[in-house]
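Colleague: Single-letter residue listing:
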Amino acid sequence: MNFRKKNILRNYKVSVLLYKMSFDRPLSPHLSIHKKVLTAVFSIFHRFTGICLSLGAILLSVWIILIALGPDYYSMFQNLSTLIFFKIFLFLWTLTIFYHLYNGIRYLFWSYGKMMELSIVYKSGYVVIILSILSTIFVWISI
Amino acid sequence: MKNYASKWIMQRLTAVILIPLTFWFVYQCVLLSSYDYTQIKAFFYSKINASLFFILIIAMLYHAKLGNETIVEDYVTSHNLKKTTKSIISALTYLSMILTTISLLYIISS
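One line per chain: the protein sequences are A and B, in this order. With this note's numbering, the residue at position 143 of the first sequence is 143, and numbering never jumps. With this note's numbering, the residue at position 12 of the second sequence is 12, and numbering never jumps.
With the rest of the complex left out, here is chain B (with noise of 0.2 Å):
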């Protein structure tokens, strides 16, 4: 039993984060839907842009973290594979925060 009320409070506190956000990002994918590649690569030059992109793709992955962890500690019995899902949730996680903290800044540096 390690930290689960923090665990329980990043929950929320990401579930908070993401409400504004995702409104955000679903209002510029209407706009993006029309988009060639230069101009959706020009809509991440923006600082804002890119910076709202960032928090709401890593606010989302340790989000997603977080819920897949409940989902397996409370269906799961079996210890061993319940310590497999959760390497492999915290592995899938971490590299796309990783691969995507890279991407953006590439991005933003071209």
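In isolation and in its complexed conformation, chain A is listed as follows (with noise of 0.2 Å):
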């Protein structure tokens, strides 16, 4: 009697053990633990630049929405746009577009199985960085 009483105490404490272990799963990446190889960091700056052109997106709907408040409201984003310090978010802003576009090309191609041996995944990644800096320096020669 005594001992099924442990081993069911024990099977309950095994099973609560299991389920709080549940919520505390390893994280699937495993950011912190994997070797930080070219194709990893393309694949994080990915992600990085998605959270950021989030941000992006949104500061875009308040843009519109200063539009429509009025030129009193879009004078102030007029004001912003004066500084310097506004002028390099907008560079990296662009730099942030064209490398999440290109990379995203590749992504999608990479949906179809297509372009995934080891040795064009590195190349394409050198042209996606290389095009992002060309597109971003055109961009602003052209403004």
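Treat the hints as calculated values from the structure; they're not laboratory data. Heads up, some of the hints might be wrong.
[Said to hold, decoys possible] Listed below are the simulated PhoX-like cross-link pairs for lysine-lysine, each with C-alpha atoms no more than 20 Å apart in a straight line:
id	chain 1	residue 1	chain 2	residue 2
1	B	K82	B	K7
2	B	K83	B	K7
3	A	K20	B	K83
4	B	K82	A	K20
5	A	K36	A	K114
6	B	K86	B	K7
Once you've looked at the hints, go ahead and assemble the two chains, each given alone in its own frame, into the complex.
Modeller: What follows is the structure, encoded as structure tokens:
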């Protein structure tokens, strides 16, 4: 009887532990464990730029709201846009847009199972970097 | 596990929509950077510009929502925190969508 009670208690404790562990699972991409290979850095950067661009999308809606509110409110944005800090921010934004765009095209190809050979993955990665820098420079020369 | 396949497809679909629209908008931004308030407002009077901008911002916000949710699912282990973050993402997305639509309609009608 005593043995059975102990056994039930132990089973209960184990199931509670397993239940708690199910909420406390290790992170799926194991960022802190794996060696930082280039492909992983590209993937992490894609997600990081994605988060930044989501904030950018919200800023874009703030911009359109300011236009709707009228010239008095829009002048707030115009005053801000003369700052050099704002220009640097826009420059980084452009770079982020192009990186995420070109890298995203790579992801679309991968979704169809194309261009997945390791050598092509590396080569297209370098193409993404070069293209995004060139496009950003091109945009800022055109302004 | 509810319709992750459709989310995956929508993520790709919005991405495909966003590729040409992003190039278009960056090009327009280069032009818009030298415009004053009335000229920028006039930009949205054009039906093509207003509709393209509308599709761009809605697709962008939805793409961002799906992407951020995927990131949250991958990195946030606590069940409650996951739920909270996802609701914040949804709230911000839908709020931005609604306010942008109202603003655009207001600009066009004024």
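Colleague: It remains to establish, for every hint, whether it holds in the given structure.
Modeller: We went through each hint and held it up to the structure:
1. The hinted pair formed by B/K82 and B/K7 meets the criterion: a straight-line CA distance of about 17 Å does not exceed 20 Å.
2. Among the hinted pairs, B/K83 with B/K7 is consistent with the structure: their alpha-carbon atoms are about 17 Å apart, no more than 20 Å.
3. Pair hint A/K20 plus B/K83 holds up; C-alpha atoms about 17 Å apart against a cutoff of 20 Å.
4. The suggested pairing of B/K82 with A/K20 holds, with an alpha-carbon distance near 15 Å, which does not exceed 20 Å.
5. Under the criterion of a C-alpha separation no larger than 20 Å, the hint pairing A/K36 with A/K114 is inconsistent with the structure, at around 24 Å.
6. For the hint pairing B/K86 with B/K7, the CA-to-CA distance comes to about 14 Å; that is within 20 Å, so the pair holds.
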